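Novice: Here is what each chain is made of, one letter per residue.
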Amino acid sequence: MERIAAQIFEIIKDYQCDYADRKFEITVNHIISWANQFGDDAAFVLNELLHFLPEVYISKNKAKDLLRVRLLEIQKFYGYKTMSEMVVNTHFFDLQKSYKSQSEILLIIDDILKSEFMVNYKDTIDKPKKNHIYFDDILATGGTAYRDLATWLEARDDGVNANSKAIINQTKTLGISLFCYHSFGFSNMQWRLMKQFDDKIKKVLLVGKDYVVENHIKTKWIAENQKLNCVYPVEEQAKEVLDYLAGLEAENDSVPAFRPSNLPKKETFFSSPENRIKLEKIFLEKGIELLNKVQTENPDRRKRPLGDTVRSHKTFGTGTLFFTWRNISNTCPLVFWWDVPGHNWLPLFCVKNRGI
Amino acid sequence: MKITDRTYNKAEVVVFRSTKAKFGGLSNMAGGYSLRVNDIIIPSAEALYQACRYPLFPSYQQEIIEQNSPMTAKMISRKYLKYTRQDWEVVKYSIMYWVLKVKLSQNFNEFSKVIEATQSKPIVELSNKDKDWAAIEIDKNTLVGKNALGRLLMQLREEYVFNNNSIECVQPLDIFGFLLYGSQIETVCNPAFEFEKDLLFDLDFA
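Here the protein sequences line up with chains W and P, keeping their order.
When you line the first sequence up against our numbering, it's residues 20 to 375, in that order.
When you line the second sequence up against our numbering, it's residues 1350 to 1555, in that order.
Hints were generated in silico from the structure; no laboratory data involved.
Treat the hints loosely; a few may be bogus.
Said to hold, decoys possible - Keeping only pairs whose Cα atoms sit at most 20 Å apart, straight-line, the calculated SDA-like set for lysine to any residue is: (1) P/Lys1450 with P/Ala1466; (2) W/Lys184 with P/Gly1381; (3) W/Lys219 with P/Gly1373; (4) P/Lys1369 with P/Ser1418; (5) P/Lys1546 with W/Asp272; (6) W/Lys237 with P/Phe1544; (7) P/Lys1462 with P/Glu1517; (8) W/Lys214 with P/Glu1415; (9) W/Lys219 with P/Lys1546.
As the list claims (entries may be wrong) - Here are a few chain P residues that sit away from chain W, every Cβ distance over 10 Å (derived from the structure): (10) Val1363; (11) Arg1366; (12) Ser1367; (13) Trp1437; (14) Tyr1442; (15) Ile1444; (16) Glu1465; (17) Gln1504; (18) Glu1507; (19) Gly1526.
Treat the numbers as computed from the prediction; the structure is a model and nothing was measured.
The beta-carbon is built from N, C-alpha and C at its ideal position, and this holds for glycine as well.
Starting from the given sequences, assemble the full structure and let the hints guide the process.
Specialist: Rendered as structure tokens:
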């Protein structure tokens, strides 16, 4: 187990547990301690984690590589001869609160532009721009990206017309750049932007992404072509699990809580279909166990065993298995980040300020 | 459902044909009236109607739905006519009315405005040769045809638009094999309802 933990450590060692009141550091021993909480399944959990982690962990160096490529793609797409020319004509949104991922991504972009292209994008930050890019790490439910983009589309940068008008008639461009999006959340974001502004938004919104969590499973045909590269349990579960779902106060049961047991058609994410089922059960049951420890009259309805989700969705959670160096997403299963005094659970990843 | 030919005096009706003309929004070919069924975004009423022909062939449905142009969607559909559901002639009017209800529900402001502007006049789709869905001009003043689409639009006007009765949700049709991409078509709700109830995502925590 120590060998596996050491391999995992090599992947996640740059995860930021660098704040003053942190309770632990990411070490091999910490990884083993986390796994041991799964009892007899400890080695299994680590083996399975190691199987998919290289594909879904974005270290800071990897983030820098991806962002460098993205900047070059943007320059090429818009047809600018130099990066400097692209930067003069392109605005990078800085809309999120300082503790969110956007600020940190912009710091990396600033660093790349300064050190590799001798450009300081802040020099022209207040000048009117033709292109507008929204950077973020993960789009899960789509709510954050929708809110930020909609706010900007409603605004009138020229003092006369809503920005949406300029985007629709293509006198300005709007792009979104993500390390990862969830196909279901992305579709929800698209739909709401289309209905609020114009159907053409779907066509003119430029999208750059490095990874897609394929969790759009309402219809059989689409579901059969999704990787389901996330935790999405099957219906055959213990009574306690089914009772938990039945007891959820969530009115929208049109979002499937379970994946069909014959999907994904071909397992490409976990080490085998059997191991997928086993890990999903372990994470789900442990997540419910953790939530059962919550002693409050009005628990947060978004908190689910497999990670935060939309309050109205009658599901076990988003089940995100995608991680970045800077802060774990609360849409990942609770076992990765649950850290509540008295709950006797050590998370794998420490949770930085979520701004609460 | 069997419907018979009708004769219209051209001067007394609202005629639509081109999507760019005043009443173009009545056409299934009109852009800007996207729909979403079973979480699938569908660019036009025409694409949804055509997709309903092929419930057992999701790949054909996908090819139709992926076309941005409603006319192209219809042309793609023509390639597969021999795979049309066997009871199509029996169910096609019901399916079209369901499609129109979804179009109205999910585009109530824009679509109801166009329908309302027809006042109480007969609505007639004008065509060169289609006497089933539309009517054809037999002389300068007379249009003849079943005008099925126009008549369904009048029914829609009567049931929902005149009463300012925005459709919160549209139930699926109770017909065998009412499938999209291999799954039963579910109840379809209007976006305002979805947004108000935070059915897509929570914005207070976003």
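Novice: Non-interface claim for P/Ser1367: all C-beta distances to chain W beyond 10 Å?
Specialist: holds (19 Å)
Novice: Does the alpha-carbon distance linking P/Lys1546 and W/Asp272 stay inside the 20 Å limit?
Specialist: holds (13 Å)
Novice: Tell me if the straight-line CA distance from P/Lys1450 to P/Ala1466 falls inside 20 Å.
Specialist: Holds, at about 18 Å.
Novice: Does P/Glu1415 lie within 20 Å of W/Lys214 when you go C-alpha to C-alpha?
Specialist: holds (18 Å)
Novice: With d taken as the least Cβ-Cβ distance between P/Tyr1442 and chain W, does d exceed 10 Å?
Specialist: holds (25 Å)
Novice: Run the distance test for W/Lys219 versus P/Lys1546: straight-line Cα separation, threshold 20 Å.
Specialist: violated (25 Å)
Novice: Please settle this one: P/Glu1465 was flagged as non-interface, so is its CB more than 10 Å from every CB on chain W?
Specialist: The claim holds: P/Glu1465 sits with its nearest Cβ about 20 Å from chain W, beyond 10 Å.
Novice: So if I understand the rule, the pair passes when the alpha-carbon distance is 20 Å or less; does W/Lys237 with P/Phe1544 pass?
Specialist: holds (19 Å)
Novice: For the pair supplied as a hint, W/Lys219 and P/Gly1373, is the alpha-carbon distance within the 20 Å limit?
Specialist: holds (18 Å)
Novice: Does P/Val1363 clear chain W by more than 10 Å, comparing its Cβ with all Cβ atoms of that chain?
Specialist: Holds, since 24 Å exceeds 10 Å.
Novice: Beyond 10 Å from every Cβ of chain W: is that where the Cβ of P/Arg1366 lies?
Specialist: holds (22 Å)
Novice: Minimum C-beta separation from P/Gly1526 to chain W exceeding 10 Å: can you confirm that?
Specialist: Non-interface label stands for P/Gly1526: nearest chain W Cβ at 13 Å, farther than 10 Å.
Comparing the model with each numbered hint stated earlier shows that hint 9 is the single one that does not hold.
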